[in-house]
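Undergrad: Sequence lines, in order, name chains F and Z. For the first sequence, the working numbering begins at 1 and goes up steadily by one. For the second sequence, the working numbering begins at 264 and goes up steadily by one.
Hint data in this document are derived by calculation from the structure and do not stem from the laboratory. There may be inaccurate statements among the hints.
In silico lysine-lysine, DSSO-like type, Cα no more than 30 Å apart, as pairs [what the hints assert, rightly or not]: (1) 99(F) <-> 492(Z); (2) 437(Z) <-> 110(F); (3) 16(F) <-> 110(F); (4) 400(Z) <-> 16(F); (5) 393(Z) <-> 90(F); (6) 232(F) <-> 217(F); (7) 554(Z) <-> 90(F); (8) 543(Z) <-> 554(Z); (9) 478(Z) <-> 515(Z); (10) 99(F) <-> 478(Z); (11) 504(Z) <-> 515(Z); (12) 478(Z) <-> 492(Z); (13) 99(F) <-> 532(Z).
Counterexamples of contact, computed for chain Z against chain F with all Cβ distances above 12 Å [said to hold, decoys possible]: (14) 265; (15) 339; (16) 411; (17) 485.
Footprint (simulated), chain F over chain Z, 3 or more residues, beta carbon under 8 Å [what the hints assert, rightly or not]: (18) 313-324; (19) 348-362; (20) 472-478.
Where a beta carbon is used, it is the ideal one built from N, C-alpha and C, also for glycine.
Residue-level listing of the chains:
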Amino acid sequence: MRGLIRDSVVELFDRKVIYVFGVVTLIAVGIIGLLRSAEVRLEGQIGMDADSMTEMFSDQLLSGQSLFMSILVFLAVMAVAGLIPNMLVKGRADFYLSKPISRSALLLRKLISIWIVYGGVVIACGLIGVVAFALFNSFFSWGVLWIFLFKMLGLLIWLSIVVFAGVLSGSTSVSIMSAFSVYVLQRILEWREMMIEFLDSQAVTFSLNLVYYILPKNDELSDITMRLVEQKPILSWMPLWSSILFAVGLIYITTLLFKHRDY
Amino acid sequence: MNIVETHELTKVFQPRRKKGAVVALDGVSLAIQQGEIFGLLGPNGAGKTTFFKVLLGITKITQGDVLLFGLPPDDPQSRQKVGYLPESHRFPDHLTGLGLLEFTGRLCGMTTSEIDARTDGLLELVDMDKWANVKIKRYSKGMLQRIGLAQSMISDPDLLLLDEPTDGIDPVGKVEIRDVLIRIRNEGKTIILNSHLLSEVESAADRVAILSRGKVARIGTVDELTSRKSQFEIEGDFASKLVSIPEEIGRKLSISSNRLIVELVEDSKINNVIDLLRSKRISIRAVQPLKVSLEQSFIETVTQPGEKKA
Ligand SMILES: Nc1ncnc2c1ncn2[C@@H]1O[C@H](COP(=O)(O)OP(=O)(O)OP(=O)(O)O)[C@@H](O)[C@H]1O
Ligand SMILES: [Mg+2]
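Only chain F is shown next, with the shape it has when bound in the complex:
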């Protein structure tokens, strides 16, 4: 396990994706700084001091932090989409598969290493955002811990999709496209209720519901996160457990698939 984690770190630096994370974080810090100076400028105009403004907009600031971290997760998914196909190319698969580790253990360890390493980068960049808020706006809320937790979960869900597609197809492009397809499906399913009402067909209703319940629900997870942060009651935990179930199920299917492949 330690070997694979270290390998993922070396790979992260070697592929230079770490710099992309750095640039995005820098831009985010810049925006947080601008936000503060906007508050300071408004101070004189609306007769309210900058700190009370921060206080008033704390929910929005936390949403901003959540958005920033969603972008980081998106970057991480793009960065990791190629890792599994890259590991399974001809001549390299032989190297990994000839070792005294079972295939499922190899895949799970690689997946967890990727999750820890790239999740670690997301958290580290997110922390820089939190520190920037604290320094510029003197704003801090323990609510960010919920954000961190749910972004890690979000990353795992997307990871399960790209790893599945990577093992199935052995292609980086297909991995990225499948993650994107799931995202598009999620967007379409936002209109589910309207479509059901409009089309009024049992078959459509059934299939839309089926797809909706199976697929992970990243948008609803963001809602749950913000409600937890704002200490509002949660309306339904279904999006959480069904998304976890999706990720776990897909990872399980992937290991089965991987076990029976010829390389």
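Given the coordinates of chain F, assemble chain Z with the ligands onto it according to the supplied hints.
TA: Showing chain Z with the ligands alone in chain F's frame:
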């Protein structure tokens, strides 16, 4: 003890569309003992690489049985004491040479101190100590091959599977590698060597199997493969002497003033030939079984597909 045992091993690559199945291995039964260098020969596409992959569980068996240290390939434990140098390998190239050795050691379940104890010696052995801290992507072909050999030996394996180990290595390196292999063999390790360099196999291997179209066409020691069954070369003074060999003994293949080559119905008939020659007062200087090069034997074997020779 048999380190590797296969019984009627068959591998068929089945494409998605039903047509065009490739039979890569066709009823291969082999037993490879501890402490031998076993050479696997065969033309391109004969199934040599597939044989290695099936042993290691990289490719799944279609039919038959495989045992590695008495365990089936589905059991990862079977690979615990195995080192493998794949053909046209692409090691994780974000690593340095040293990094690759460490990573391989980790994947084999070694501890840091166990790994550290072996890396320096191995890098020196393959003459890569100067390049240890350079990224693999900057290596030349021969360097890749050298570091590949080193990684296959990191866990001090009892069985080495080497798929064309000297491919791309310079002549001096080839000799060095051959010596290393023989030394490892003398330590009691087993090596299966898959190579197109017949002279190399001839000088290093104890036993050889020639695969042809997925079948074992010939198997035996290098001596057995290179000696012609019941053919003898007799040196002597045949000038102006008429020699005819009776049909029940064998036949004359060629004769010159000082050399006679005969093919006999069985080996023991050589005594009859000697009696015959002596009775004609022909002086004999030497008698020996006729030898051909491994290359000659190889070519004869693979150009007559399906024909089993002893
Ligand atoms: N993944 C695969 N899918 C389909 N066919 C394959 C696959 N791998 C190998 N084959 C086929 O199996 C046969 C044996 O291939 P293999 O690589 O074992 O040959 P080889 O003896 O190692 O040849 P070479 O000397 O060229 O390395 C070939 O006909 C090859 O086309
Ligand atoms: Mg081959």
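Undergrad: Within the assertion that chain F covers the segment 313-324 of chain Z, do at least three residues meet a Cβ-to-Cβ distance smaller than 8 Å?
TA: holds (count 6)
Undergrad: Is it true that the CA of residue 478(Z) sits at most 30 Å from the CA of residue 492(Z)?
TA: 22 Å, holds
Undergrad: Beyond 12 Å from every chain F Cβ: check whether that's true for residue 339(Z).
TA: 5 Å, violated
Undergrad: Between residue 554(Z) and residue 90(F), does the CA-CA distance stay at or below 30 Å?
TA: 41 Å, violated
Undergrad: Please verify whether residue 99(F) and residue 492(Z) have alpha carbons no more than 30 Å apart.
TA: 43 Å, violated
Undergrad: Within 30 Å, alpha carbon to alpha carbon, are residue 99(F) and residue 478(Z)?
TA: 27 Å, holds
Undergrad: Assess, step by step, whether the Cα of residue 393(Z) is no farther than 30 Å from the Cα of residue 90(F), and give holds or violated.
TA: 29 Å, holds
Undergrad: Hey, residue 478(Z) versus residue 515(Z), does the alpha-carbon distance stay inside 30 Å?
TA: 33 Å, violated
Undergrad: Please verify the coverage claim for the segment 472-478 of chain Z: does it have three or more residues whose C-beta sits within 8 Å of some C-beta in chain F?
TA: Check failed, 0 qualifying residues.
Undergrad: Taking 12 Å as the cut and beta carbons as the points, is residue 485(Z) off the interface with chain F?
TA: Per Cβ check, residue 485(Z) is outside 12 Å of chain F; nearest 28 Å; holds.
Undergrad: Quick one, are residue 232(F) and residue 217(F) close enough, alpha carbons at most 30 Å?
TA: Status holds; Cα separation ~19 Å.
Undergrad: Does residue 110(F) sit within 30 Å of residue 437(Z), going by the straight-line distance between their CA atoms?
TA: 36 Å, violated
When each numbered hint is compared with the structure, violations occur for hints 1, 2, 7, 9, 13, 15, 16 and 20.
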